[in-house]
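*Asks:* Taken in order, these protein sequences are the chains called F and S.
Following the numbering used here, the numbering of the first sequence begins with 1 at its first residue and continues without gaps.
Following the numbering used here, the numbering of the second sequence begins with 1 at its first residue and continues without gaps.
Don't read these hints as lab results, they were simulated from the structure.
The structure displayed is predicted, hence computed values, not measured ones.
One or more of the hints may lead you astray.
As the list claims (entries may be wrong) - Distance ranges between label pairs, derived from CB positions: (1) S:Asp6 <-> F:Thr65: 23 to 31 Å; (2) S:Arg66 <-> F:Arg74: 20 to 28 Å; (3) F:Ala217 <-> S:Arg66: 33 to 41 Å; (4) F:Asp92 <-> S:Asn109: 29 to 37 Å; (5) F:Leu56 <-> S:Asn75: 34 to 42 Å.
Stated by the list, open to error - No farther apart than 30 Å at their CA atoms in a straight line, the calculated lysine-lysine pairs in the DSSO-like style are these: (6) S:Lys84 <-> F:Lys41; (7) S:Lys107 <-> F:Lys12; (8) F:Lys120 <-> S:Lys107.
The beta-carbon is built from N, C-alpha and C at its ideal position, and this holds for glycine as well.
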Amino acid sequence: MKHSQLKEIIKKKASKIEFAIVTNLENGLSEIYEPGKSLSKEFEIYKQQIDNFFKLKKNGVIENTEIFIETYVRPIKVIIVGAVHIAQYLVDFAKSLNFEISIIDPRGYFASEQRFPDMKIINKWPDEAFKEIETNENSALIALTHDPKIDDPALQYALNKKFYYIGALGSKKTHENRCQRLKDAGFNSDQINSIHGPIGIKLGGRSAPEIALSIIAQLVSETYKK
Amino acid sequence: MKNSFDEKILEEANDWLNANQKVVLATVIQTWGSSPRQVGSRMIVNEKGDFSGSVSGGCVESAVVRECIGLIKDNKPCKKIEFKVSNESAWEVGLACGGEIAVYLEKIN
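Looking at chain S on its own, in the form it has when it is part of the complex (with noise of 0.2 Å):
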């Protein structure tokens, strides 16, 4: 049976919301491998950066904060990204378990 464990991230998105903030919602759409969270975790963002929920372990929540203020100065309602296994020469963003992700950002207005 499917459990319905629910973090309440939509509900918070609607308080921001009615505190004037603008928020762009994040969602894991789909999961390849080990990836930590899965399909439907969420997390929102706002236009400073605060942020709540999560769609990793930690591992790209920064550059998914980055990506979310980047759609908020744009005129797109939405946008795609992938994360991949981390390359580890680098301090590049990606996910150390192995697996990879795709996570859908929409501006919610």
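Excised from the complex, chain F in its bound form (with noise of 0.2 Å):
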């Protein structure tokens, strides 16, 4: 591989493109795919089963061929509301295991740069700043502030966008309050159970970063079920 290639490779991670890197593992030969974009005449021929490896997400060698693919697929976006403390080990984890990570606090005092150096964190109402953030099916939510005025509003929008994993910080009575007021709201009980309260899985711990691991283990557990 040239240098300049892995440098356009690292580009297009950066700027969360999703893409393939096929390699013709008898010459050394490789290039970058992009679904719609035309290959060279090297890899032209295999374009069919690029397409199905891309769709399929999926990393290998086409059978009988010496032709290797690689995908790479957009970081999974994680919104956690709350810049409280365990949203600092969370960012901690989230860095290491690759999820893309956006903060919102209406509170400025809990979201000052100097709690979470080189992150984003949407200063606004949960309202306001989903605005700000592109989210689908594939999104996740972490609510900590266990303040309804914040929680409530960014879990309802996460039930009515359908996040694939909806988690709120909270006893077992303060989730028990927070799904009658979702009832209350109009959302039907399988929606309700969808959300994971208390939040996280269970591991003993209380400190700030072992209920931020209890948290991220569930989170990369429910991605892998999907």
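The two chains are supplied separately, each in an independent frame; assemble them into the complex guided by the hints.
*Replies:* Have a look at this one:
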């Protein structure tokens, strides 16, 4: 591979473009594939198979050939509501797991740059903040304020947008009250039951990094269930 | 859904190249049986034998480093190597897990 091609791959990864690298394992030639764009003669004959690998987000060698394909998918978007202590650890875990995090917190004193260096924090109420984030069914929400004024509108937004993972911090009692409010707001029981509350898998820990670990573990597990 | 777990090996390769090191990229291209790392897992090696990333659970990395150094000295741009179940009677490199992997080595230049 040429160094210039490596740089192009890194650039595409950084700009969150979905693409694949196609390599001929015999002669070492490689090329970047993007859907809708043409391939060179070397790889054109495998276009159909490359397309299939790309659609399935699969890596591998095309059967009976020496052509290897590696697909790059866009990072999963995770929206955290509440720039609280747990969120600081979640940001660390998310970095090594390559989740793309946005934090929403209308409370300026929480969402300071010093607490979250190099982090995109939207210092607005959820209804306004979500206008700045492109989300879909492959997005996740982690609500951490356990303040209904802030969490509830975010939860409602995520439910309406059918996020694949929605979790909300708070005790069983807090969660019961939350479920009741969502019911009153017109959400059905399937929707309400899809919320992970109390959030996280049971680890037993109570410290901020331990709770962050239990949340991120649940998020990864749910990602593979889908 | 496939996650985009990314160990930033390519970014590190770029840093190494910018520091004028010679770099070989090793990628797991096929696996059979219970291999520790999935297809697409990566490792980089420089001319001194420093390496980053992984292609197995530590089972074959030393052999991959040797092969990469060999490739740096060679004229060829790439090479494919396969590792099978280890032979217990020798200090031979292999996969104790019982799997098999194919690793593709390529120079970046």
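*Asks:* With reference to the structure, classify each hint as holding or not holding.
*Replies:* Okay, the hints, checked on the actual structure:
Judged by the Cβ atoms, the range 23 to 31 Å given for aspartate 6 (chain S) and threonine 65 (chain F) holds: they are separated by roughly 26 Å. Restraint check, arginine 66 (chain S) to arginine 74 (chain F): a C-beta distance of roughly 37 Å breaks the suggested window 20 to 28 Å. Separated by about 37 Å at the C-beta atoms, alanine 217 (chain F) and arginine 66 (chain S) satisfy the suggested range of 33 to 41 Å. Taken as a hint, the range 29 to 37 Å holds for the pair aspartate 92 (chain F) and asparagine 109 (chain S), whose Cβ atoms sit roughly 35 Å apart.
The hinted range of 34 to 42 Å is satisfied by leucine 56 (chain F) and asparagine 75 (chain S), whose Cβ atoms lie roughly 37 Å apart. Distance hint between lysine 84 (chain S) and lysine 41 (chain F) is unfulfilled; the C-alpha atoms sit about 35 Å from each other, more than 30 Å. With a CA separation close to 21 Å, the supplied pair lysine 107 (chain S) and lysine 12 (chain F) stays within the 30 Å bound. Between lysine 120 (chain F) and lysine 107 (chain S) the CA atoms are separated by roughly 37 Å; this puts the pair beyond 30 Å, and the hint is violated.
Checked against the numbered hints above, the structure violates hints 2, 6, 8; every other hint is satisfied.
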